[in-house]
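Protein chains: 2
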Amino acid sequence: MQSVLEVLGELGKAVDPIMIEFLLKDASPEFQEAVLYQIKMGGKRIRPALTVASCLAAGGNIQDSLHAAAAVELAHNYSLILDDIIDHSELRRGLPTVWKKYGISTAILVAVHYRETISQVLNHTRDPKLFNEILAETIKLLTDGERLDILFEQAGRSDEPYILENRYRKVTLEDYLKMIERKTAKLIETSCVFGALSAHADKNIVDALKQYGYNLGMAFQIGDDIIDIFGVEEKTGKKVGGDIKEHKLGNIVVLLAVEELESSEKEQVLSVLRKDDVSWEEVSHVIKLISKTSARQKAEKLKKEYVDKAVNALEVLPRGKYRDILLELASFIEKRDF
Amino acid sequence: MQSVLEVLGELGKAVDPIMIEFLLKDASPEFQEAVLYQIKMGGKRIRPALTVASCLAAGGNIQDSLHAAAAVELAHNYSLILDDIIDHSELRRGLPTVWKKYGISTAILVAVHYRETISQVLNHTRDPKLFNEILAETIKLLTDGERLDILFEQAGRSDEPYILENRYRKVTLEDYLKMIERKTAKLIETSCVFGALSAHADKNIVDALKQYGYNLGMAFQIGDDIIDIFGVEEKTGKKVGGDIKEHKLGNIVVLLAVEELESSEKEQVLSVLRKDDVSWEEVSHVIKLISKTSARQKAEKLKKEYVDKAVNALEVLPRGKYRDILLELASFIEKRDF
Chain A
1 MQSVLEVLGE
11 LGKAVDPIMI
21 EFLLKDASPE
31 FQEAVLYQIK
41 MGGKRIRPAL
51 TVASCLAAGG
61 NIQDSLHAAA
71 AVELAHNYSL
81 ILDDIIDHSE
91 LRRGLPTVWK
101 KYGISTAILV
111 AVHYRETISQ
121 VLNHTRDPKL
131 FNEILAETIK
141 LLTDGERLDI
151 LFEQAGRSDE
161 PYILENRYRK
171 VTLEDYLKMI
181 ERKTAKLIET
191 SCVFGALSAH
201 ADKNIVDALK
211 QYGYNLGMAF
221 QIGDDIIDIF
231 GVEEKTGKKV
241 GGDIKEHKLG
251 NIVVLLAVEE
261 LESSEKEQVL
271 SVLRKDDVSW
281 EEVSHVIKLI
291 SKTSARQKAE
301 KLKKEYVDKA
311 VNALEVLPRG
321 KYRDILLELA
331 SFIEKRDF
Chain P
1 MQSVLEVLGE
11 LGKAVDPIMI
21 EFLLKDASPE
31 FQEAVLYQIK
41 MGGKRIRPAL
51 TVASCLAAGG
61 NIQDSLHAAA
71 AVELAHNYSL
81 ILDDIIDHSE
91 LRRGLPTVWK
101 KYGISTAILV
111 AVHYRETISQ
121 VLNHTRDPKL
131 FNEILAETIK
141 LLTDGERLDI
151 LFEQAGRSDE
161 PYILENRYRK
171 VTLEDYLKMI
181 ERKTAKLIET
191 SCVFGALSAH
201 ADKNIVDALK
211 QYGYNLGMAF
221 QIGDDIIDIF
231 GVEEKTGKKV
241 GGDIKEHKLG
251 NIVVLLAVEE
261 LESSEKEQVL
271 SVLRKDDVSW
281 EEVSHVIKLI
291 SKTSARQKAE
301 KLKKEYVDKA
311 VNALEVLPRG
321 KYRDILLELA
331 SFIEKRDF
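As you go down the protein sequences, you meet chains A and P in turn.
The numbers in this note's numbering rise by one with no breaks, and the one at position 248 of the first sequence is 248.
The numbers in this note's numbering rise by one with no breaks, and the one at position 31 of the second sequence is 31.
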C-alpha cells in the first residue's frame, strides 16, 4: 500500500509539467535554467496535492484542478525565492538558494517571472477572475505574515529602518497566531478552496475545505516550529535551533518557553535572541532552557487542536477514498518529525 | 491654453485615488505609509495618461479606462521599486528610494504588495482575463529587458554569478533595440492598448494605438538615453552621465560613439565602462570623447524616426481633441530635455 506521502507526491507531481510549460512562456533561452532552478530543487508539493485531493474529494476530476494546483505551488515557490533573499538564506534542501546561485538581481527577476506565470496559469482555471481575486488577497496576506515574522525577530537588520522602528519587543500568542495565519495557513487554505472551486462544489463543501485547509495550515506551521527546535538533524537535514540563531521570537516553542521561564532564565533566552551574532553553543543552551518548560507539550497540544478542527471540518464531505487521503494527510501533519 | 504636460497630468492624476484605494486593500495600518510612499513620490503619470487619452481617442469615456490606467501606473512603480533595489539607487526624484528609506526586506514586501494590487485593480476592467493575460506577458518582457540592461553593463556585480557569466562584451544596435523594446516600449504599448480595449475599439484602432505606443516608447527610451549623457543638470535634477558611471553600454549614445571612435579613444571609453569604480571626472572625459562623434545626431535621428512612426500610426484614428493630445505627446517626447 502506498503511504500518504507517496499518494500526495503523485498528485502533486502532476503539476510539474504545467509549471514548467508556463514558466518557459516568454522566457529567453539564456534565462530558462535560472527560471526552472527553484522548482527543480524539489519540495513535497503538499499545496498542489491539497488542491487536487480537495477537488477529487469534492467530486471533481484531476484535470479540473491542475492549473489551480500549479498556481498555488508557483505562489509557494515565489515566496520561497523572496524569503531566501530577505532572510539571507544560502541553502534550501541542501542546495544553494536562487540568489546564492545566481545573484540577488537575477533572483529578483526570477521571482517577478514566477508571479507573472501565476497569472498566466490562473487564466486556465474555471473562473480566472475569481481565482485571481482570491490569490491576490492570499499573497497580500502572505506578505503581511512575512512582515510580522521579520518584526518578531529580536536582533539583526541594523540597516533596515522600517524593521528597527516597528520591531515587536514582546510577542503575544495572539500576535503569533495572526502571523502564522497569514504567513502559512492562508495559502494552504487557498490551496483547498481552489480544489473545491475547481470541482464546482456547493458552498458548504467549499467552506468545509476552507476550514480544513486553514486549520491544517496552522497545525503545519506549529509543527514546523517544533521541528526547528526539537528535530533530529539526521531526519530534517538541518541544524536544530535555526529560528533561535535568526533571533525569532515568532516560534511558538520559544514564545511559550519565554512566557513560562523565571526571570533569570527568561533573560538568558531573550539576551541570546537579542544578540546580533548567536553561536551554535548559545543556541544549544537556549534549547536546554526551553526543554525545562512545558512549551513543547503546550505547542503539541495546540497543534493537535488544529488537526482535530481540520478533521472535523471534513465531516460534511462524502465518505470515500479522497476524503480518506485528506484525513491521512491531517494525521501525517500531526505526527511528522521532518 | 494648457500645455500637453498639464493635460496629461490631469488625466494621469485621475488614477491616484484608485491606486491608493487598492493599495490600501489588505494592508495593515502600520504598513500603509511604506505602501503609499512610492506613488506619493510623484512622477509624470505618462502611462496612465496614455491609457486614458487612448481610450478617449478611440471613442470611450474616461471612466471606462481608469482602472486599466491605474494598473499600468502601478506596474511602472512596481518595476521602479525593484529596479532601485537591483541598481542600488538611493535617490529618485530627489527623495530616498523605497529600499533606502525602509530597508531592502520592506521594499521587497512593498513590491509584492504592488503586484497583487495590480491583479485586484485589473479585476475591475472590462475584461479581467484578457487584461491580466496582456499585463502578465508585458511584465515578463519588462523583466527580460531589465535582465538585458544589466547584462549590457561592463563592470560591477562581482557577487552575482549569473551576470558575470552572461555579460555581453559587445552590444549591437540590434541587441540594444531588443532591450529597450522590452524594458520600456512594451509597457507604454500596453498602456495604449489598454485604453483602446477599454473603449471597445475595433481591431484596426487597437492595432493603431499599439503601434503608436510601441514607437512612442522606443522614442521615449532613446530620449532618456540622450538626456542622461547631454542633459542640463538644472533641468533634469540629476548629474549627467549616470549611465556611464553605472557601466552601461546599453545607452544608445554610448553605443553609437563606441562604434564610431578610433581604436585609442574607443579603448578609453570602454576602459572607463569596465572600471569597478568610475569617478565623475572620468565620466566627463568620456562625455567629451562621445561629443566628438556623431552619436548624438544619430540617436536624435533614430528617435525622430520612431516619433514619426508613432504619429503616422494615428492616421486611422478619428480627428479630434483626443487624437490631438496623442499627437502633442509625441511632439513633446521628440523635444523634451528633462
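Please keep in mind that the hints were generated in silico from the structure rather than gathered at the bench.
Every residue gets a Cβ at the ideal spot worked out from N, C-alpha and C, and that includes glycine.
Hints may contain errors.
What the hints assert, rightly or not - The calculated DMTMM-like cross-link candidates involving lysine to aspartate or glutamate, where the alpha carbons are at most 20 Å apart (straight line), are:
1. Lys-101/A / Asp-87/P
2. Lys-25/P / Glu-133/A
3. Lys-178/A / Asp-26/P
4. Lys-25/A / Glu-133/P
5. Lys-178/P / Asp-87/A
6. Lys-101/P / Glu-160/A
7. Lys-129/P / Asp-127/A
8. Lys-170/P / Glu-30/A
9. Lys-100/A / Glu-133/P
10. Lys-100/P / Asp-87/A
11. Lys-170/A / Glu-30/P
12. Lys-178/A / Glu-234/A
As the list claims (entries may be wrong) - Some chain P residues well away from chain A (every beta-carbon gap over 10 Å; in silico):
13. Val-4
14. Arg-147
15. Gly-231
Structure-based check of all given hints:
1. Lys-101/A / Asp-87/P: With a Cα-Cα distance of about 19 Å, the restraint between Lys-101/A and Asp-87/P holds, given a limit of 20 Å.
2. Lys-25/P / Glu-133/A: Holds, at roughly 12 Å.
3. Lys-178/A / Asp-26/P: holds (14 Å)
4. Lys-25/A / Glu-133/P: holds (12 Å)
5. Lys-178/P / Asp-87/A: violated (35 Å)
6. Lys-101/P / Glu-160/A: Judged against 20 Å, a Cα distance of about 8 Å means the pair holds.
7. Lys-129/P / Asp-127/A: holds (9 Å)
8. Lys-170/P / Glu-30/A: With a Cα-Cα distance of about 16 Å, the restraint between Lys-170/P and Glu-30/A holds, given a limit of 20 Å.
9. Lys-100/A / Glu-133/P: violated (31 Å)
10. Lys-100/P / Asp-87/A: holds (18 Å)
11. Lys-170/A / Glu-30/P: With Cα atoms ~16 Å apart, Lys-170/A and Glu-30/P stay inside 20 Å; holds.
12. Lys-178/A / Glu-234/A: violated (32 Å)
13. Val-4: The claim stands: Val-4/P keeps its Cβ more than 10 Å from every Cβ of chain A (closest is about 32 Å).
14. Arg-147: The claim breaks: Arg-147/P does not keep its Cβ more than 10 Å from every Cβ of chain A (closest is about 5 Å).
15. Gly-231: holds (26 Å)
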